[in-house]
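A.B. asks: Heads up: the sequence lines are chains A and B, in that order.
For the first sequence, this note's numbering assigns the number 1 to the initial residue and increments by one for each residue that follows.
For the second sequence, this note's numbering assigns the number 1 to the initial residue and increments by one for each residue that follows.
Simulated from the structure, these hints should not be mistaken for lab results.
Some clues are possibly wrong.
Distance condition first, Cα-Cα at most 30 Å in a straight line; then the derived DSBU-like pairs of lysine-lysine [as the list claims (entries may be wrong)]:
1) B/Lys82 / B/Lys34
2) A/Lys118 / B/Lys29
3) A/Lys123 / B/Lys39
4) A/Lys123 / B/Lys57
5) B/Lys34 / A/Lys139
6) B/Lys63 / A/Lys118
7) A/Lys143 / B/Lys24
8) A/Lys836 / B/Lys63
9) A/Lys13 / B/Lys57
10) A/Lys8 / A/Lys834
11) B/Lys29 / A/Lys143
12) B/Lys29 / A/Lys111
13) A/Lys135 / A/Lys123
14) B/Lys24 / B/Lys63
15) A/Lys304 / A/Lys317
16) A/Lys139 / B/Lys82
17) A/Lys13 / A/Lys118
18) A/Lys11 / B/Lys48
19) A/Lys790 / A/Lys674
20) A/Lys343 / A/Lys393
21) B/Lys34 / A/Lys123
22) B/Lys28 / A/Lys836
23) B/Lys3 / A/Lys123
24) B/Lys42 / A/Lys8
25) B/Lys42 / A/Lys123
26) B/Lys34 / A/Lys13
27) A/Lys297 / A/Lys179
28) A/Lys123 / B/Lys63
29) A/Lys8 / B/Lys39
30) A/Lys306 / A/Lys13
31) B/Lys39 / A/Lys11
32) A/Lys834 / B/Lys29
33) A/Lys317 / A/Lys393
34) A/Lys836 / B/Lys39
35) B/Lys63 / A/Lys867
36) A/Lys11 / A/Lys118
37) B/Lys82 / B/Lys57
38) A/Lys11 / B/Lys28
Listed below are the residues making up each chain.
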Amino acid sequence: MIHSLSKKIQKIKFAYLSPDEIRKMSAIKIITADTYNDDGFPIDMGLMDPHLGVIEPGLRCKTCGGKVDECLGHFGHIDLAMPVIHVGYIKEIKKLLQTTCKSCGRILLPKEQIKEHKEALEKVEEMGGDILDFKLVAKETAKDASTRHLCPHCGAEQSKITLDKPTSFRENGHKLTPKEVRERLERIPNEDLFPLGINPDVLRPEWTILTALPVPPVTVRPSITLDSGERSEDDLTHKLVDVLRINQRLRENRDAGAPQLIVEDLWELLQYHITTYFDNQTSGIPPARHRSGRPLKTLTQRLKGKEGRFRSNLSGKRVNFSARTVISPDPSLSINEVGIPVKAARELTIPVRVTEYNANVIRELVKRGPTPEEKEYVPGVNYVVRPDGRRIKVTEKNAEPIAETIDVGYIIERQLQEGDIVLFNRQPSLHRMSMMAHEVRIMPYKTFRLNLCVCPPYNADFDGDEMNLHVLQSEEARAEARILMRVQEHILSPRFGGPVIGAIHDHITGLFLMTHGDTRFDIHQTIRILSRFEDIKLPKPKEENGKKYWTGKQLFSLTLPKDLNMSFKSKICQNCDTCMKEKCELDAYCKIQNGNLICGTVDEQVVGAFKGKVLDKIARDYGSDRAREFIDDITKMAIGSIMIFGFTTGIDDEDIPAEAKEQIGDVLSQAIKKVRDLVNAYQDGILEQMPGRSLEETLEVESMKVLGQARDKAGQIAGKQLGLENSAVIMARSGARGSMLNLSQMAGCLGQQAVRGERLSRGYWHRTLPHFKKGDLGAEARGFVQYSYKSGLEPTEYFFHSMGGREGLVDTAVRTSRSGYMQRRLINALEDLKVKADGTVRNTANTIIQFEFGEDGIDPSRGIQGKAVDVDDILLDVLGEKVFAEVIKEKVIESYGIQEKDLTSIEEMGEEE
Amino acid sequence: MDKLDVRSNELVPQHIPLSREEEKELLKKLGVRKGQLPKIRKSDPCIKILEQIGEVKEGQIIKIVRNSRTARISTAYRMVIKG
Numbered sequence: 001m002i003h004s005l006s007k008k009i010q011k012i013k014f015a016y017l018s019p020d021e022i023r024k025m026s027a028i029k030i031i032t033a034d035t036y037n038d039d040g041f042p043i044d045m046g047l048m049d050p051h052l053g054v055i056e057p058g059l060r061c062k063t064c065g066g067k068v069d070e071c072l073g074h075f076g077h078i079d080l081a082m083p084v085i086h087v088g089y090i091k092e093i094k095k096l097l098q099t100t101c102k103s104c105g106r107i108l109l110p111k112e113q114i115k116e117h118k119e120a121l122e123k124v125e126e127m128g129g130d131i132l133d134f135k136l137v138a139k140e141t142a143k144d145a146s147t148r149h150l151c152p153h154c155g156a157e158q159s160k161i162t163l164d165k166p167t168s169f170r171e172n173g174h175k176l177t178p179k180e181v182r183e184r185l186e187r188i189p190n191e192d193l194f195p196l197g198i199n200p201d202v203l204r205p206e207w208t209i210l211t212a213l214p215v216p217p218v219t220v221r222p223s224i225t226l227d228s229g230e231r232s233e234d235d236l237t238h239k240l241v242d243v244l245r246i247n248q249r250l251r252e253n254r255d256a257g258a259p260q261l262i263v264e265d266l267w268e269l270l271q272y273h274i275t276t277y278f279d280n281q282t283s284g285i286p287p288a289r290h291r292s293g294r295p296l297k298t299l300t301q302r303l304k305g306k307e308g309r310f311r312s313n314l315s316g317k318r319v320n321f322s323a324r325t326v327i328s329p330d331p332s333l334s335i336n337e338v339g340i341p342v343k344a345a346r347e348l349t350i351p352v353r354v355t356e357y358n359a360n361v362i363r364e365l366v367k368r369g370p371t372p373e374e375k376e377y378v379p380g381v382n383y384v385v386r387p388d389g390r391r392i393k394v395t396e397k398n399a400e401p402i403a404e405t406i407d408v409g410y411i412i413e414r415q416l417q418e419g420d421i422v423l424f425n426r427q428p429s430l431h432r433m434s435m436m437a438h439e440v441r442i443m444p445y446k447t448f449r450l451n452l453c454v455c456p457p458y459n460a461d462f463d464g465d466e467m468n469l470h471v472l473q474s475e476e477a478r479a480e481a482r483i484l485m486r487v488q489e490h491i492l493s494p495r496f497g498g499p500v501i502g503a504i505h506d507h508i509t510g511l512f513l514m515t516h517g518d519t520r521f522d523i524h525q526t527i528r529i530l531s532r533f534e535d536i537k538l539p540k541p542k543e544e545n546g547k548k549y550w551t552g553k554q555l556f557s558l559t560l561p562k563d564l565n566m567s568f569k570s571k572i573c574q575n576c577d578t579c580m581k582e583k584c585e586l587d588a589y590c591k592i593q594n595g596n597l598i599c600g601t602v603d604e605q606v607v608g609a610f611k612g613k614v615l616d617k618i619a620r621d622y623g624s625d626r627a628r629e630f631i632d633d634i635t636k637m638a639i640g641s642i643m644i645f646g647f648t649t650g651i652d653d654e655d656i657p658a659e660a661k662e663q664i665g666d667v668l669s670q671a672i673k674k675v676r677d678l679v680n681a682y683q684d685g686i687l688e689q690m691p692g693r694s695l696e697e698t699l700e701v702e703s704m705k706v707l708g709q710a711r712d713k714a715g716q717i718a719g720k721q722l723g724l725e726n727s728a729v730i731m732a733r734s735g736a737r738g739s740m741l742n743l744s745q746m747a748g749c750l751g752q753q754a755v756r757g758e759r760l761s762r763g764y765w766h767r768t769l770p771h772f773k774k775g776d777l778g779a780e781a782r783g784f785v786q787y788s789y790k791s792g793l794e795p796t797e798y799f800f801h802s803m804g805g806r807e808g809l810v811d812t813a814v815r816t817s818r819s820g821y822m823q824r825r826l827i828n829a830l831e832d833l834k835v836k837a838d839g840t841v842r843n844t845a846n847t848i849i850q851f852e853f854g855e856d857g858i859d860p861s862r863g864i865q866g867k868a869v870d871v872d873d874i875l876l877d878v879l880g881e882k883v884f885a886e887v888i889k890e891k892v893i894e895s896y897g898i899q900e901k902d903l904t905s906i907e908e909m910g911e912e913e
Numbered sequence: 001m002d003k004l005d006v007r008s009n010e011l012v013p014q015h016i017p018l019s020r021e022e023e024k025e026l027l028k029k030l031g032v033r034k035g036q037l038p039k040i041r042k043s044d045p046c047i048k049i050l051e052q053i054g055e056v057k058e059g060q061i062i063k064i065v066r067n068s069r070t071a072r073i074s075t076a077y078r079m080v081i082k083g
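Excised from the complex, chain A in its bound form:
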């Protein structure tokens, strides 16, 4: 292991390649535009010359003699018949032309000023200013110089030089040839380069005009042989062929003394080919295309953007020891575990070093070969690496002999076995909980299995989601993953300090059904639920009429720590004016005493992901091991319970009696009439204007208000008909899925549809649809939907509803792309920051960013509501409830949980997700 670097990079210098350097590093001069001859051999001095390196196995490089993987390839070069401008340097060329004299080449500033600028630059260098400061000063010089019209040195008059995009310069309308440009740049004396920010020791400005073009090695642009035996060349090769061809024609024409016009045309063409060779997306010129019409991928395109070399090959790579497949749920797994199909487990390996202690075990392991056929899954061995580095593939046939040869110092590659630790990830990886460490469970079939409670942090569902898995290869990595990345260490989120892993959907419903009111289970049901647990004692039963029974609260209490004490309100709490506490009619006041649920209903506020208060307290006070156990237990309990009750919902859950329907109809028609009255009042000019609003706005606001109230009222009427015996209501009230608003839209009325927060108004001339009169401002004409999903919509209403729905879709599409870009920028800026041992936040240069992390040094996932300690909770623990209540009079004992305002923001986020 290398523990420290012995060398440190002091600085990196960037300069241009000079024509001399290009020729010096060239292995061969390329003159022929052809690649291969008829026999399939590369043509000498052609683009595939063997001096440029080898791509075919068996051949040797003519320059260095290396074989395919030994020789990296060598550059060649093309001598250009006429000089050509390099597009990448066009800005610098323009700057130099504008700041220097056309006849003597000096900077267009008096001697004293040049000196001043030079000194300013030297000072920046001395003060240790970075490149940005340096550039800034040099830019200043250029700006000063480019405004001159007379050369202060030779008195020559200067004319204006403009850049004719992308690569030609014009002086007073007359075109400058690259040759002329090069001559001018050659005239600039060395001592005048420094004030312009150029170090003459490393580069001369005329090198920006190419007289020789480097030809990259063939390894950079390998040709592919198709199945048909046909050769297909790389885009770069195609482009170089073009360059060579035109270069040849240009030379011939020039030497033959062809008319100036023809030579110039060919010169232009050569410029075009070289420009597109560097960058095929230069604005102002058409991109060079392949025969099929596809634009060529030239040098810049290889590097740039998401699919470019940097983002897709250097910052991120494809890796070995990884797997990807569809995910599916399995409530019998612990949250810490992940189910891996046998097929994947047999491919993924972990290297194990043979020592004198494990040699015998490993020999047995190798003897099994790569596909042991035992009843249960047992790991086999795929490869054996000998101490001399040779890798031997283990097959069924050679397993036994190889096993014999195994000795200390060998490394074997063992297949996954139960209990191994692996990383599990789902894209987009937006936060650290997107990649967590799981323990392996080998399972049949072909999907990755995971506990449902870890869906929220991954934002996973099972509608075809795929996830990635990575097998750690070193002991250090495994130890680190186990300590830092295990799922149980991420129950509390650093985003808001609450649990992100917890009961969802059916778990909440199951626990709700189990604990709401006085639910009783007979012995069979109780045992059926508890049989899911490995080690659990049947609690003492209660008796009535000689029949033994257990209450749901009793069973739920089995999952709680024995010394847990807390009390709070459940999700179903209606926020009555005076809280009835223990005697709450809705059973919404939760009280836990010594690990027993005395009263109250278990729902989202108790165990739910993001909100569960008991979950939060257990994770904080009892540690991650206990919290994991708790989550695993409630999963089993909830599944057991819901399987006893059975649970289903359908559209007939939204059936409401005819009277209620009539009532809703009355409310809505009244509202519509009211809007009509408002419109009439507006048209008669007697509508009272609201302060700060125009008359039209007043009408809009008023009608929106009326219709909004009507929708709510309809929802209330419908809601009254739907009680807690209704499955949909159970889900909504317990927080398992859906909301009462969803329900009232199904049973009552859909309400006003809006685009950009306003009533619908666009479409046709002065109306939304041709079904209405022009200028109709009434409720129906402006997107009010008075029917429900259950009853079905009018055609016009359906159209309006689609308009509203479309806006939502567009918004999400726009929002995800925008927030993705924001996230990328933010991560690029912050990725190297680290909290050091002394609490300061520093970057890799060890400069201080924050003197104390978050100014208070508190990890939000460890603290409580942003504070390091919860004094109230400690007091409650120490003093007991009664004394505590006296100490803090008036204050409701609601010690645990997330602040109300955080809750609403979390809720909003949840809805977006």
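Position chain B against the provided structure of chain A, taking the given hints into account.
C.D. replies: Quick look at chain B alone, frame taken from chain A:
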């Protein structure tokens, strides 16, 4: 009219220049060179005023005590640079 002293505004945190000894102590405590501290420009309104009074030179360290949402009061240090 006299120019407004920005320091009198309640939204402007306290800027306290450190003495040589204090600077030394601070740098030792943090284990950093001066250049590794965050910077503040001399053109910063607060530094301008301190400079006029003659309390601040380029390269000096300023202690800034401000109200913090998380920690009530937090201290930061910045080195004065030109600009």
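A.B. asks: Would the hint linking A/Lys304 and A/Lys317 be met if the CA-CA limit is 30 Å?
C.D. replies: It holds: about 16 Å lies between the C-alpha atoms, which stays within 30 Å.
A.B. asks: Under the criterion that the straight-line Cα-Cα distance not exceed 30 Å, is the pair B/Lys82, B/Lys57 satisfied?
C.D. replies: 10 Å, holds
A.B. asks: Compare the distance between the alpha carbons of B/Lys63 and A/Lys118 with 30 Å, and conclude whether the hinted pair is satisfied.
C.D. replies: 36 Å, violated
A.B. asks: Mind checking the alpha carbons of A/Lys118 and B/Lys29 for me, to see if they're no more than 30 Å apart?
C.D. replies: 40 Å, violated
A.B. asks: Decide if the proposed pair is consistent with the structure: B/Lys42 and A/Lys123, CA atoms, cutoff 30 Å inclusive.
C.D. replies: Roughly 18 Å between the alpha carbons, so the hint for B/Lys42 and A/Lys123 holds.
A.B. asks: Would the hint linking B/Lys34 and A/Lys13 be met if the CA-CA limit is 30 Å?
C.D. replies: With Cα atoms ~27 Å apart, B/Lys34 and A/Lys13 stay inside 30 Å; holds.
A.B. asks: Next pair to validate is B/Lys3 with A/Lys123; report whether the Cα-Cα distance is within 30 Å.
C.D. replies: Roughly 33 Å separates the two Cα atoms, so the pair is violated.
A.B. asks: With a cut-off of 30 Å on the C-alpha distance, tell me whether A/Lys11 and A/Lys118 pass.
C.D. replies: 23 Å, holds
A.B. asks: Taking 30 Å as the top limit, are the C-alpha atoms of A/Lys13 and B/Lys57 close enough?
C.D. replies: Violated - the C-alpha atoms of B/Lys57 and A/Lys13 are around 34 Å apart, more than 30 Å.
A.B. asks: For a C-alpha distance cap of 30 Å, please report whether B/Lys63 and A/Lys867 respect it.
C.D. replies: Roughly 25 Å separates the two Cα atoms, so the pair holds.
A.B. asks: For the pair supplied as a hint, A/Lys790 and A/Lys674, is the alpha-carbon distance within the 30 Å limit?
C.D. replies: Judged against 30 Å, a Cα distance of about 25 Å means the pair holds.
A.B. asks: Hey, B/Lys34 versus A/Lys123, does the alpha-carbon distance stay inside 30 Å?
C.D. replies: 19 Å, holds
When held up to the earlier numbered hints, the structure conflicts with 2, 6, 7, 9, 11, 12, 18, 23 and 24 and fits the remainder.
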